[in-house]
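**Q** Letter by letter, the chains look like this.
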Amino acid sequence: MTRKHLLCLLLTACIFPSFALSQTTETLSLAAASDLVYCLEELNAEFQNAHPAIALKTSVGSSGNFFAQIQNGAPFDIFLSADVKYPQELIKAGLADSSSLTLYAIGRIVLWTINPDLDLTRGLQILRDARVKKLAIANPAHAPYGRAAQAALEHHQMWAELQKKIVLGENIAQTAQFVETGNVDAGIVALALPLSPKLKNTGKFFEIPETSYPRLEQAAVLTKKGKNNPAAKAYLQFLRSDKARSIFDRYGFRLPK
Amino acid sequence: MQILGNLSPELWESLWLTLRLAFVVMLLLLAVSIPLAYWLSRSKWRGAVVLETLVSLPIVLPPTVIGFYLLMLFSPQRPLGAFWLKLTGETLTFSFEGLVVGSVIYSLPYAVQPILSAFKSVNRELIDVALTLGATRAQSFWRVMLPLSARGLGVGAILGFAHTLGEFGVVVMLGGSIPGKTKVASIALYDEAQKLNYDTAHAFALILLLLSFVMLLAMTLVQRKISQDR
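Going down the list, the protein sequences come from chains Y and X. What the first sequence shows, in our numbering, is residues 1 to 257, in sequence order. What the second sequence shows, in our numbering, is residues 1 to 230, in sequence order.
For the record, the hints were derived by calculation from the structure and aren't laboratory data. No experiment lies behind these values; they were computed from the predicted model shown. Be a bit skeptical, because a hint or two may be false.
Pairs of lysine to aspartate or glutamate residues, derived as EDC-like cross-links and limited to a Cα-Cα distance of at most 16 Å, are as follows [what the hints assert, rightly or not]:
hint	chain 1	residue 1	chain 2	residue 2
1	X	K195	Y	E26
2	Y	K227	Y	E26
3	Y	K165	X	E90
4	Y	K164	X	E90
5	Y	K133	X	E90
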């Protein structure tokens, strides 16, 4: 093989990586809310067990971010939102398949800290403590978990008072990162994060009463592109399976009926 | 100007914040770059090449790399972050001061490079003449070297300012999007686009576009003046 041939091959490989790398028949592009970041590893592993031929491509970020991206033509097949509103809006806009709307989990929020001196048995009241200088929540503008955090703080009449302490994470995973690195004293994050194998030995958390914020119903939907992708349908079905439900259960989600 | 009517007070705040940040950073950049460039232009030490490379690193480094290291470094769990917290009672992350530090590092090469090349192009003989005429080293620097390098200083200042306006990656990593403190214009634009407020996003994008254009125009004019004068 001459050098020229090699160069051609390399170029082809760069432009059409799927030809060069794998012969899998179907690919599935998945956009998922970042409360699922660790949970998804287990879900996907389980799904791949049953469907080894499907190539999974996963993107994790804030639900609002994906909502905007899908509106602008992002090529995802399935969208696992952290709420129901974004999938519904996509359906309304004709960008997602209404019959595919699936409630897969109900999220919960916790107050999380790595500071051993903070007494979390005092619940959210601890946030009034002078030792809590910074509190991280996800950006309520585009993260449902941020909205839940805001609702809980409003419910306890602390929202206005805590404004000076609040720091906004781009999504719930970055919010957790702010807490984990010790850059904030506490954060309101998805229960699924401190329950994950990666973080379960880090700090401690207080479960915020579920009566203090609207139910965090999380729904998945097939996009216009994913509607005709059998792999996407299979994934949606998998989300309702007992195996998937037991994973959600372990990560602290409540299960829909 | 209709488009500007779409901006809420909070968004004006983030524009004002951006300008303030860029201005403070520009002043600090000058304060750091002038001695640094002077030293680099004169040093015969071999290690100076390494230092010059280090200074230029942010040109090619992904801003998230800088943001990541600073986030780790600024954490109150680490010595530097703990020291700052003790000193000021505030964390360095999620603060205006933290962004200033990040921006100075991020924009440093853009200020140092033009100043360095200006210093290097100053005719050594002029300095020598000043010295033989009885000027001290300091005098020859302030009265000969700096005035002859004025345009390089101007270009460095403008580039440092403009580059800070365009900062995004560093701020995303250690800003926390706090209105009036760390929510700079590029972040506000990102947030508005995510909220699908395209009108506001457009207004922001346009303002930043015009600002950047004016900055570069000013710089080009300064540079042209140099070549005409020679």
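**Q** Which hint numbers does the structure go against, in order from smallest to largest?
**A** Violated hint: only 1; rest satisfied.
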